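Produce the complete structure using the sequences and hints provided.
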Amino acid sequence: MKEKDKILAIDDNDVNLVMLKAMLSEEYDVETLSDGTLAENRAAATKPDLILLDVLMPGKDGLSICGDLKANPATQQIPIIIISARNTSDDIATGLMAGADDYMCKPFSTSELKLRIRRRIDASRPSEIIQNTIRKLTEQRDTATYKAALLQAISDNANESVILCRPDGIIAASTQSTNEIL
3 MKEKDKILAI DDNDVNLVML KAMLSEEYDV ETLSDGTLAE NRAAATKPDL
53 ILLDVLMPGK DGLSICGDLK ANPATQQIPI IIISARNTSD DIATGLMAGA
103 DDYMCKPFST SELKLRIRRR IDASRPSEII QNTIRKLTEQ RDTATYKAAL
153 LQAISDNANE SVILCRPDGI IAASTQSTNE IL
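Going by my numbering, the first residue of the sequence shown is number 3, and it counts up by one from there.
It should be emphasised that the hints constitute simulated quantities derived from the structure, not laboratory data.
In this text, all values refer to a predicted model and were calculated from it rather than measured experimentally.
Treat the hints with caution; some may be incorrect.
Claimed, not checked - Each computed DSS-like pair below joins lysine-lysine, with the alpha-carbon atoms no more than 27 angstroms apart: (1) 108 <-> 138; (2) 49 <-> 138; (3) 149 <-> 116; (4) 116 <-> 49; (5) 49 <-> 72; (6) 149 <-> 8; (7) 108 <-> 23; (8) 138 <-> 4; (9) 108 <-> 4.
Dropping the structure here:
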């Protein structure tokens with residue numbers, strides 16, 4: 003069975019957190035946090051697949067938290083959806099400029115929230131083709147690095163003149179004593 007995607011929901015209102023958990027727990031592993039000041043450390047430690055974030059919170063507000071999460075290399079790739087009662091176009095623009103990937107106004111539709119969550123999580127993951135390409139390039143790089151290190155070790159430790167050639171006849175490496183002769 004596939005492991006559920008993880009969501010970290012951050013809101014100072016416990017009723018909102020209970021509601022979000024009830025709405026999403028069937029499809030997602032939902033962790034709730036009512037203290038925004040703990041959000042950054044918790045997100046860095048748990049690496050959720052998505053963060054749901056309220057704006058209006060005591061202490062550190064959601065916009066500051068969002069900006070800090072996006073500035074931190076450990077959390078900057080985690081998609082953030084702001085959920086807020088602040089619903090003017092300026093509020094939405096401010097949330098997006100703070101680094102949020104999406105913004106939903108309260109009250110919201112459960113089906114719309116679920117759709118936006120799924121799309122954000124899916125969009126944040128590299129496609130299978132990209133993952134395979136990265137894996138192949140990493141293997142090629144690792145092979146080339148290994149070959150270069152092996153050639154260097156042979157060259158550094160050879161007591162005699164040695165020339166190593168590729169199959170096409172091109173010199174790939176030679177010892178220092180060979181270089182002095184040539």
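Against the structure, the hints come out as follows:
Proximity of residue 108 to residue 138 is assessed by CA-CA distance (about 45 angstroms); at most 27 angstroms being required, the pair is judged violated. Distance check on the hinted pair: residue 49 and residue 138 sit about 26 angstroms apart at the alpha-carbon level, within 27 angstroms; holds. For the hint linking residue 149 to residue 116, the alpha-carbon distance of about 49 angstroms lies beyond 27 angstroms, and the restraint is violated. For the given pair, residue 116 sits about 20 angstroms from residue 49 by alpha-carbon distance, which is consistent with the 27 angstroms threshold.
Straight-line distance between C-alpha atoms of residue 49 and residue 72 comes to about 13 angstroms, which keeps the hinted pair within the 27 angstroms bound. Our distance criterion of 27 angstroms between C-alpha atoms is broken by residue 149 and residue 8, whose separation comes to about 41 angstroms. Distance check on the hinted pair: residue 108 and residue 23 sit about 16 angstroms apart at the alpha-carbon level, within 27 angstroms; holds. Of the supplied pair hints, the one linking residue 138 and residue 4 holds, its CA atoms being roughly 25 angstroms apart against a limit of 27 angstroms.
With a C-alpha separation of about 31 angstroms, the suggested pairing of residue 108 with residue 4 is violated against the 27 angstroms cut-off.
Going down the numbered hints, you'll see the structure goes against 1, 3, 6, 9, while the others check out.
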